[in-house]
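Participant: The listed protein sequences derive, respectively, from chains P and W. Per the working numbering, the first sequence starts with residue 2, numbered consecutively. Per the working numbering, the second sequence starts with residue -16, numbered consecutively.
Check the hints yourself; a few may be wrong.
As a list, the in silico EDC-like pairs of lysine to aspartate or glutamate whose alpha-carbon atoms are at most 20 Å apart [stated by the list, open to error]:
id, chain 1, residue 1, chain 2, residue 2
1, P, K197, W, E455
2, P, K191, W, E596
3, W, K436, P, E195
4, W, K506, P, E159
5, P, K187, W, E448
6, W, K510, P, E171
7, W, K365, P, E195
8, P, K138, P, D166
9, W, K506, P, E171
10, W, K510, P, D166
11, P, K191, W, D24
12, W, K510, W, E596
13, W, K370, P, D193
14, P, K197, W, E447
15, W, K437, P, E195
16, W, K439, P, D193
17, W, K439, P, E171
18, P, K138, W, E447
19, P, K191, W, E448
20, W, K439, P, E184
21, P, K197, W, E448
22, W, K404, W, D84
23, W, K439, P, E190
24, W, K506, W, E295
25, P, K187, W, E596
26, W, K482, W, E455
27, W, K374, P, D193
28, W, K436, W, E175
29, P, K197, W, E180
30, W, K436, P, D193
31, W, K439, P, E195
32, W, K370, P, E195
33, W, K437, P, E115
34, W, K476, P, D73
35, W, K506, P, D166
36, W, K43, W, E174
37, W, K436, P, D177
Residues of chain W clear of chain P, computed beta-carbon distances all greater than 12 Å [stated by the list, open to error]:
id, residue
38, V32
39, G45
40, F219
The hints are simulated quantities; they were obtained by calculation from the structure and are not laboratory data. A virtual CB, placed ideally from N, CA and C, is assigned to each residue, including glycine.
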Amino acid sequence: MGLQGWRNVLALKTSKNNNRAAWQRAFPVPLSHSQITRLYSRFHSLDKGENGALSREDFQRIPELAINPLGDRIINAFFPEGEDQANFRGFMRTLAHFRPVEDNEKNKDLTSGEPLNSRTNKLLFAFRLYDLDRDDKISRDELLQVLRMMVGVNISDEQLGSIADRTIQEADTNGDMCISFSEFIKVLEKVDVEQKMSIRFLH
Amino acid sequence: MKKRMKMLLLLGFCCGMVFGDQNRSDPHDQRVFPVLSINYDYVQMPFEVSLWILLASLMKLGFHLLPVLSGVVPESCLLIVVGLLVGGLIRVMGKNPPVLDSQLFFLCLLPPIILDAGYFLPIRPFTENAGTILTFAVLGTLWNVFFMGAVLYGACRLEAGRLASVDLLSCLLFGSIVSAVDPVAVLAVFEEIHINELLHILVFGESLLNDAVTVVLYHLFEEFAHAGEVTVGDVFLGVVCFFVVALGGVLVGGVYGVLAAFTSRFTSHTRVIEPLFVFLYSYMAYLSAEVFHLSGIMALIACGVVMRPYVEANISHKSYTTIKYFLKMWSSVSETLIFIFLGVSTVAGPHAWNWTFVSITIVLCLLSRVLGVVGLTYIINKYRMVKLSGKDQFIVAYGGLRGAIAFSLAFLLSSDDFPMKDMFLTAIITVIFFTVFVQGMTIRPLVDLLAVKKRKQSKCSINEEIHTQFLEHLLAGIEGVCGHYGHHHWRHKLNRFNKRYIKRCLIGGERSQEPQLISFYNKMELKQALMLLESNSSANLSAGVTAAIPRQRSRKTLNISKEREEEIRKILRGNLQKTRQRLCSYSRHTLKPDAEDDDWSETRLRKQRVEMERRMSHFLTVPALPESPPARRARVESV
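Isolated chain P, as found in the complex:
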C-alpha cells in the first residue's frame, strides 16, 4: 500500500472521540496520524528493494543495529513467526510497544483490551526477547546467551555461569530454576519501565 493508500485509511479518523471506535476497528494500533506518517517515511527509506516489505538484510544495514549486542534479537522481533518479510503493519505494531504511556489512556475504558504500550505489554515484549523458544520461561541457558552477548568475550564461562545462577536464584520464587513472566514482572516492579521503554519519537 502506498502512502496515499494509508492516507485513505487515516481519513477514517476524525478528531471526534465518538469515531474512535470506528478508527480502532479499522486500525488496531494506537498511533496518531503524524506518527504514522513519520514511521511510514522511515519504513520507505529502509526499504531498498521497493517491494513494500522489509527483509532482514534491510534491517542489518542500519548501523546502530550492527554494533548493538542485541541486534539480531531486535531484528527477529519485527518478523512474525516463521516469516521473512515484515510489512508496514507489523513494523508499526512492534514499534507501538514503545509509545509513551499517556495519562488519559489510563482512564480509557478497557473494553478494547489493553493497549500495546501498557506496562505489562512492554514487559512482555522484553520477556519475549529473552525467551527464544517461547515456552514462557527464561531458562539458565537463555539467560547465559543474553549475558554473553552483553558482556563480550573477555569473561570466563564460570564467572558468567555464577552470575546467571545468582540472577535466577534471586528472581525464582516457585523453585523451577527458571524465570517466569510473573517473576520477571515482580523483579522489575521498582524499575520505571514506562519511562525506560518509551521513545520520544512516538510522543
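Dock chain W against chain P, hints included.
Facilitator: Only chain W this time, still in chain P's reference frame:
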C-alpha cells in the same frame, strides 16, 4: 632507688630556678619559676574553632536521643534555635556574638556539603531530567528575580517614607539574592522526608544549578550599582557572562576531575593517601573557579561527577569507605555549623525592621515561586514523557527553601553602595526563618497528607542491573530502527566512547577492560561476603560467652576420648600463642591487612577469613586472558 630519684628531682628544680633567674633581664624581679602558667592567646584560634565544632557535634548527638522531637521538627530548625540560645548567652555575658563570616562560609563551610552532594549525585535520574532541572534553575530563577524586583520596587514607590530611597537596582539585587533555592536547606529538609527520587532530584538539582544564575546576577547588579548607569551593551554582556560562568565552571571541574582520575591510576602502592587526592583536587577545582568568579558549585559538582566512576575503579575498598565516611562527616558538621551560626548571627547582626518590606518580601517569595513553577511546568509537560502532576508541582514549589547562601551574599554587600543593607539582612533572615521553620516543619505532614510517592527502598539487585542494561541496549536499537537520534542513542554512543578511549587512560591495570556488569556483580559479592563474615564472627563471639548449656549438649554427642581432647586443647593453645608472636609491626605508611587483630578468637576469625577469601577469590577471578581468537570464538559459537 627512691633516694636517687629525689636527689635528681631536687637538682632539676634548682637548675630550673637558676635558668629561670638567668633569663630574667630585670634584676629586681625575684619571681619563682612558673610551674603552671596560662597562655590562652597561643591556642585561641584553634581552640575556639574546635569548641564550636564540638558544640555542633554534641547538639547533633543530643537531637537523636530525643526521638519525639526529631520526628516532628526538622533538625535544621532545632539547630537554629540552639544558635539563637548560644548567641543570646554570649550577648548576656557582655561580648559581641560572632557573625557568620562570608569568607569562612564560602571557603570552608559550603564546599564539603556540595562535594558530598556532587560525588554521590545519582547520575541517571539527573541526566534523564536534565532539561526540566535546567528550565527550573535558569528560567525559574530569572522569573523570580525580575518579578520580585519589579513588584518590590513598585511597593517601595507606593509606600514612600523610609522606603523611598530604595531604587530599582537595589530591589533587583535583593531579588537576586533572595530568589535562589538553597542546596543546604533543601538537603537538610528533604533528607528526612524520603520523597521519591524524581522530586528529590528536581528540587535538589535546581538548587545546585541555579548557583550560576545567582552568581551572574549578583555580580551584574553589584557592578551596575557601582557604575551608576546601565546600557544595552551591558545587559548583553550579562547574558554572555552567564554562559561563561556556567560552562567555565563545568569545564574547570571537568579538568580537575580528569586529573584526579588519572592520578588515582597510579596509587596502587600508596593506598593510604588515596582519599586525600579526591578531596584536594575537588577543593582546588572549587577555589580555581572562585578565582575567576566562575560558579564554584558547578565546578565542584562537575569534578565529583567526572572523577567518580574512574576513581572508584582504581582505589581500594577501604579508601572508598574512607572517602564516603569523611565526606558524610564533613558535610554533616558543616551543615550543623551553618545553621547554628545563622542563629547566632541573628542575635548579633544589626537589624533594621520594616514591617512593610519584610511582609511583602515573604508574600512575594511564595507567590513568585508558585507562579513560576506552575507556569514552567505547563511548558515543560509538553516535552516530558512522564508528566509532572499537580502534586509534584506543589512539592517542587513548596520545597523552594532559602538558606545561608542568601544570608552570606547579603552580608557581602558594601554599605556604601547599599545604605539599606541592614534592612535587606533583616528581611532575608526573616525569609530564611519562615521557609526553614514553617515550610520545613509542615512539608512532612503535607507529604503524608497528599500521599506523595515515597522513595522506594531499593536493594541493589543483580536482576535489576541486568535487565536495565538489557533495556538500554534494546532501546538504543529501536531508536536506530526509527532513525531517531534520541536520548538512548547518545547515551549508547557516550558509553562506547567511554569504554574504548577514556577507560583505557584513566583506569589502571586489568580493571579497564572489565564490563560494568561484572564490576557490579563483584561489588555485590564482596559486600555480601563481608556481611557474612561480620555476622558469623559476632555470632561466634557471643556464642562463646553465653552458650554454656549448648556446649555441654554438643559434648555429649561428640564422644571424644579424654586424651584426644587434651591433644586438641594443646594444639589450639599452641596456635593461639604463635599467632600473638606473629603480629607484624604497624607502619604509618603501609596498611597490612591483618595488623590489628589481637582477639582471643583470632584463630577462629582467621579460619573464617580464609574460607571467605577462598569464596571471594572464586568470584573475583581475574578474567581469563583471551586465548587465540579463533578458538575463543569457536567456544562462544558452541554455547
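Participant: Now tell me if each hint is right for this structure.
Facilitator: Results of checking the hints against the structure:
With a C-alpha separation of about 8 Å, the suggested pairing of K197 of chain P with E455 of chain W holds against the 20 Å cut-off. Simply put, K191 of chain P and E596 of chain W have alpha-carbon atoms about 33 Å apart, too far for the 20 Å limit, and the pair is violated. At most 20 Å may separate the alpha-carbon atoms for a hinted pair to count; K436 of chain W and E195 of chain P meet this at roughly 16 Å. Note on K506 of chain W and E159 of chain P: the hinted pairing holds, with a Cα-Cα distance of about 17 Å set against a maximum of 20 Å.
In summary, the hint linking K187 of chain P to E448 of chain W is supported, as the alpha carbons are separated by about 14 Å, within the 20 Å threshold. At roughly 16 Å between alpha-carbon atoms, K510 of chain W and E171 of chain P fall within 20 Å of each other, so this suggested pair holds. This hinted pair checks out: K365 of chain W and E195 of chain P have alpha carbons roughly 17 Å apart, not beyond 20 Å. This hinted pair checks out: K138 of chain P and D166 of chain P have alpha carbons roughly 15 Å apart, not beyond 20 Å.
With a C-alpha separation of about 16 Å, the suggested pairing of K506 of chain W with E171 of chain P holds against the 20 Å cut-off. Between K510 of chain W and D166 of chain P the alpha-carbon distance is near 18 Å, which keeps this suggested pair within the 20 Å criterion. At most 20 Å may separate the alpha-carbon atoms for a hinted pair to count; K191 of chain P and D24 of chain W exceed this at roughly 59 Å. As the CA atoms of K510 of chain W and E596 of chain W are separated by approximately 13 Å, the hinted pair is consistent with the 20 Å bound.
With a C-alpha separation of about 13 Å, the suggested pairing of K370 of chain W with D193 of chain P holds against the 20 Å cut-off. Proposed proximity of K197 of chain P and E447 of chain W is supported: the alpha carbons are some 13 Å apart, at most 20 Å. With a CA separation close to 18 Å, the supplied pair K437 of chain W and E195 of chain P stays within the 20 Å bound. The hinted pair formed by K439 of chain W and D193 of chain P meets the criterion: a straight-line CA distance of about 11 Å does not exceed 20 Å.
Taken as a hint, the K439 of chain W and E171 of chain P pair is honoured in the structure, with Cα atoms around 18 Å apart against an allowance of 20 Å. For the hint linking K138 of chain P to E447 of chain W, the alpha-carbon distance of about 18 Å falls within 20 Å, and the restraint holds. About 12 Å separates the Cα atoms of K191 of chain P and E448 of chain W, which keeps this hinted pair within 20 Å; it holds. Restraint check for K439 of chain W and E184 of chain P: the C-alpha separation of about 19 Å stays at or below 20 Å, so the hint holds.
Under the criterion of a C-alpha separation no larger than 20 Å, the hint pairing K197 of chain P with E448 of chain W is consistent with the structure, at around 13 Å. The suggested pairing of K404 of chain W with D84 of chain W holds, with an alpha-carbon distance near 16 Å, which does not exceed 20 Å. The suggested pairing of K439 of chain W with E190 of chain P holds, with an alpha-carbon distance near 10 Å, which does not exceed 20 Å. A C-alpha spacing of about 11 Å is found between K506 of chain W and E295 of chain W, which places the hinted pair at or below 20 Å, so the restraint holds.
For the hint linking K187 of chain P to E596 of chain W, the alpha-carbon distance of about 33 Å lies beyond 20 Å, and the restraint is violated. Between the alpha carbons of K482 of chain W and E455 of chain W the distance comes to roughly 16 Å, so the proposed pair stays at or under 20 Å and holds. About 19 Å separates the Cα atoms of K374 of chain W and D193 of chain P, which keeps this hinted pair within 20 Å; it holds. Annotation: proposed proximity of K436 of chain W to E175 of chain W holds, straight-line Cα distance about 14 Å (limit 20 Å).
Simply put, K197 of chain P and E180 of chain W have alpha-carbon atoms about 15 Å apart, close enough for the 20 Å limit, and the pair holds. For a cut-off of 20 Å, the pair hint linking K436 of chain W to D193 of chain P stands: about 13 Å separates their Cα positions. For the suggested pair K439 of chain W and E195 of chain P, the alpha carbons sit about 16 Å apart, so the restraint of at most 20 Å is met. Simply put, K370 of chain W and E195 of chain P have alpha-carbon atoms about 12 Å apart, close enough for the 20 Å limit, and the pair holds.
Distance hint between K437 of chain W and E115 of chain P is unfulfilled; the C-alpha atoms sit about 28 Å from each other, more than 20 Å. A hinted pair counts as satisfied when its Cα atoms are at most 20 Å apart, and K476 of chain W with D73 of chain P qualifies at roughly 19 Å. Distance hint between K506 of chain W and D166 of chain P is fulfilled; the C-alpha atoms sit about 17 Å from each other, no more than 20 Å. Distance hint between K43 of chain W and E174 of chain W is fulfilled; the C-alpha atoms sit about 15 Å from each other, no more than 20 Å.
A C-alpha spacing of about 34 Å is found between K436 of chain W and D177 of chain P, which places the hinted pair above 20 Å, so the restraint is violated. Non-interface call for V32 of chain W relative to chain P: holds, since the shortest CB-CB distance, roughly 44 Å, exceeds 12 Å. Its beta-carbon lying about 36 Å from the closest one in chain P, G45 of chain W satisfies the requirement of being farther than 12 Å from that chain. Distance check on F219 of chain W: its Cβ is at least 34 Å (rounded) from any Cβ of chain P, clearing the 12 Å threshold; non-interface status holds.
The structure does not agree with the numbered hints 2, 11, 25, 33, 37 stated previously, though it agrees with the rest.
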